[in-house]
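As a plain string of letters, each chain reads:
2 protein chains.
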Amino acid sequence: MLSKSEVKYIQSLSQKKFRGEENLYIIEGPKIIDEALTVVPQHLKTIYALPEWVETNKNKVSDIEVKEITEGDLERISLLKTPNKALALMEIPWSEGFLLKKNNLALVLDGIQDPGNVGTIIRIADWFGVAQIICSADCADVYNNKVVQATMGSIFRVEVFYTNLPEWLPAQNDVPVIGAMLDGMPLNFFGKVKNGLLVIGNESKGIRQEVLPFVNQKVTIEKTGNAESLNAAVATGIILSYLK
Amino acid sequence: MLSKSEVKYIQSLSQKKFRGEENLYIIEGPKIIDEALTVVPQHLKTIYALPEWVETNKNKVSDIEVKEITEGDLERISLLKTPNKALALMEIPWSEGFLLKKNNLALVLDGIQDPGNVGTIIRIADWFGVAQIICSADCADVYNNKVVQATMGSIFRVEVFYTNLPEWLPAQNDVPVIGAMLDGMPLNFFGKVKNGLLVIGNESKGIRQEVLPFVNQKVTIEKTGNAESLNAAVATGIILSYLK
Numbered sequence: 038m039l040s041k042s043e044v045k046y047i048q049s050l051s052q053k054k055f056r057g058e059e060n061l062y063i064i065e066g067p068k069i070i071d072e073a074l075t076v077v078p079q080h081l082k083t084i085y086a087l088p089e090w091v092e093t094n095k096n097k098v099s100d101i102e103v104k105e106i107t108e109g110d111l112e113r114i115s116l117l118k119t120p121n122k123a124l125a126l127m128e129i130p131w132s133e134g135f136l137l138k139k140n141n142l143a144l145v146l147d148g149i150q151d152p153g154n155v156g157t158i159i160r161i162a163d164w165f166g167v168a169q170i171i172c173s174a175d176c177a178d179v180y181n182n183k184v185v186q187a188t189m190g191s192i193f194r195v196e197v198f199y200t201n202l203p204e205w206l207p208a209q210n211d212v213p214v215i216g217a218m219l220d221g222m223p224l225n226f227f228g229k230v231k232n233g234l235l236v237i238g239n240e241s242k243g244i245r246q247e248v249l250p251f252v253n254q255k256v257t258i259e260k261t262g263n264a265e266s267l268n269a270a271v272a273t274g275i276i277l278s279y280l281k
Numbered sequence: 038m039l040s041k042s043e044v045k046y047i048q049s050l051s052q053k054k055f056r057g058e059e060n061l062y063i064i065e066g067p068k069i070i071d072e073a074l075t076v077v078p079q080h081l082k083t084i085y086a087l088p089e090w091v092e093t094n095k096n097k098v099s100d101i102e103v104k105e106i107t108e109g110d111l112e113r114i115s116l117l118k119t120p121n122k123a124l125a126l127m128e129i130p131w132s133e134g135f136l137l138k139k140n141n142l143a144l145v146l147d148g149i150q151d152p153g154n155v156g157t158i159i160r161i162a163d164w165f166g167v168a169q170i171i172c173s174a175d176c177a178d179v180y181n182n183k184v185v186q187a188t189m190g191s192i193f194r195v196e197v198f199y200t201n202l203p204e205w206l207p208a209q210n211d212v213p214v215i216g217a218m219l220d221g222m223p224l225n226f227f228g229k230v231k232n233g234l235l236v237i238g239n240e241s242k243g244i245r246q247e248v249l250p251f252v253n254q255k256v257t258i259e260k261t262g263n264a265e266s267l268n269a270a271v272a273t274g275i276i277l278s279y280l281k
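Taken in order, these protein sequences are the chains called B and S.
Residues in the first sequence are numbered from 38 upward in steps of one, following my numbering.
Residues in the second sequence are numbered from 38 upward in steps of one, following my numbering.
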C-alpha cells in the first residue's frame with residue numbers, strides 16, 4: 038500500500054506549480070504508458086500499476102522503477118474518473134532553448150485555453166508531421182493531465198514551447214506567418230507550405246491584437262452553412278490537411 | 038424561489054428516460070438561448086433566468102414563459118460547472134418520420150459515443166451546410182446536455198435521426214455511401230460530392246462490421262506523421278472541407 042505522503046506527492050502533480058518544482062508530470066493508462074515505453078523510455082521515472090499490468094509488461098520495464106499497487110491505491114492517485122490499470126510519473130524534458138526548425142511548417146497557438154483542445158491539436162500536429170508548436174503563455178499547460186491524456190501519446194513526439202508571442206514572432210526573420218482568420222483567402226488557393234508558421238487564435242476572440250501585425254497571409258475555411266465558428270482543434274485539422 | 042418539486046423536475050431532464058417522457062431538453066447560457074429565440078422560438082417552453090438576463094431580454098421574450106430566479110436556484114438546476122445566467126426548457130421537435138433529402142450530402146455517425154464529439158460534429162455539419170445526420174442507436178443522445186452545449190446552437194438547424202444503420206442503409210436506393218477509413222482513396226482524389234452519405238466510425242473501432250458492406254467508396258485522410266488516429270470530430274471536419 039502506498040504511504041500517505043507518497044499519495045499526497047503524486048496528487049500534488051496535478052498542479053502546475055508542483056509539476057514545475059518537481060519537473061514531473063503524470064500519464065495514465067496502458068496505452069499511453071506503452072507509447073512512452075516505446076518513444077521516450079528515458080523519461081519514465083516511476084510506474085504505479087496493478088498486478089495484472091505488471092505481469093503483462095514485466096519484460097518491457099527492466100530499467101524502470103515499477104511499484105505494484107492495489108485498486109484502492111490507484112483510485113487515490115488517479116486523476117481519471119475511471120482509473121485505468123497504471124499511472125506513471127514522467128520527467129519533463131529539459132529544453133535547452135527553443136530553436137525553430139528551418140524549412141518547416143510549425144503551429145502557433147494564441148490563447149487556446151481549453152486543455153482538451155490543446156491536447157487534440159498536439160495529436161493533429163503529430164498526424165500531419167508538424168514537429169513544433171509555439172504557445173502563448175496563456176494557453177493550457179501541455180503537462181496538465183487533461184492535455185496529456187488528449188494527446189494520446191503524441192506529446193512524446195511534438196516539441197511544445199511557451200513564450201510571449203509579440204516578442205518572439207518578430208525575432209523569426211523572414212518566416213512567413215499565416216493567420217487562420219475569417220477574412221482570409223480560401224484554403225484551396227494555398228498550395229503546400231514547406232516553411233512557415235500557422236497561427237491559430239482563440240475560438241471566440243480570434244488572434245489577439247498584439248499578434249495580428251506579424252501575420253502576413255490570412256487563410257479562411259470557407260463556410261457554406263450557418264454555424265458561427267468552428268472548434269479551434271477542428272479548424273487546425275482542416276487547415277493542416279491543405280497546407281501539409 | 039423555485040419549489041423543490043420544480044427543481045427536481047428540471048434535474049430529471051438530465052436523464053434520457055425523462056427527456057423522452059416529457060419531450061423536453063435543457064439549454065443553458067445567454068448565447069444558445071439567444072440562438073433559440075432567433076431560430077426556433079416556437080420550441081422554447083420556459084426560461085429560468087437571473088434578473089439581469091430578464092431585464093436585458095424582456096423585449097425578445099414576449100410570448101414565452103420566463104421565470105425570474107435567484108443565483109441559488111440557478112445553481113440547483115444547472116448542469117454546468119459554472120452556471121451562466123439562464124437555463125431554458127426546449128421542446129424536442131416531433132419528427133414525422135425521417136426522409137433523406139435528395140441531392141444532398143448527409144452524415145452518418147456509427148458508434149460515436151462521446152457527447153462532446155457528437156456536439157462538435159453537429160456544429161461542423163452546420164458550418165458546412167450539412168442538413169441531416171443519421172446516427173446509430175449507440176451514438177450519444179443529441180439532447181444530452183453535453184451534446185447540446187457543444188453544438189453551440191447548431192442543434193436548432195441540423196436534423197438528427199437515430200436508427201439501426203444495417204437496416205436503414207440498404208433502404209436508401211442508389212445513394213453513394215462513402216466511408217472514412219484508413220485504406221481508402223486520398224481526399225484530394227475526391228471532387229465535391231453533391232449527393233451521398235459520409236459514414237464516420239468510432240475513433241478506436243472504426244466503422245462496424247455490419248455497416249461495412251454498404252460502403253461503396255472509401256476515403257482516407259493522408260497521414261504524414263506518426264499519430265495513430267485522429268479525433269472523430271476533427272476527421273469529420275477535414276473530410277467535409279474537401280467534399281462540400
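Careful, some of the hints might be misleading.
Copies of the same chain are indistinguishable here, so a pair counts whether it falls within one copy or spans any two.
[To be verified] Computed list of lysine to aspartate or glutamate pairs in EDC-like fashion (alpha-carbon distance at most 20 angstroms, straight line):
#: 1; residue 1: K183; residue 2: D211
#: 2; residue 1: K255; residue 2: D110
#: 3; residue 1: K139; residue 2: E102
#: 4; residue 1: K41; residue 2: E112
#: 5; residue 1: K183; residue 2: D220
#: 6; residue 1: K183; residue 2: E265
#: 7; residue 1: K260; residue 2: E196
These aren't lab readings, by the way, just hints derived from the structure by calculation.
Note that the structure is a prediction, hence the values are computed from the model and not measured.
Hints violated by the structure (listed by number, smallest first): 1, 2, 3, 5
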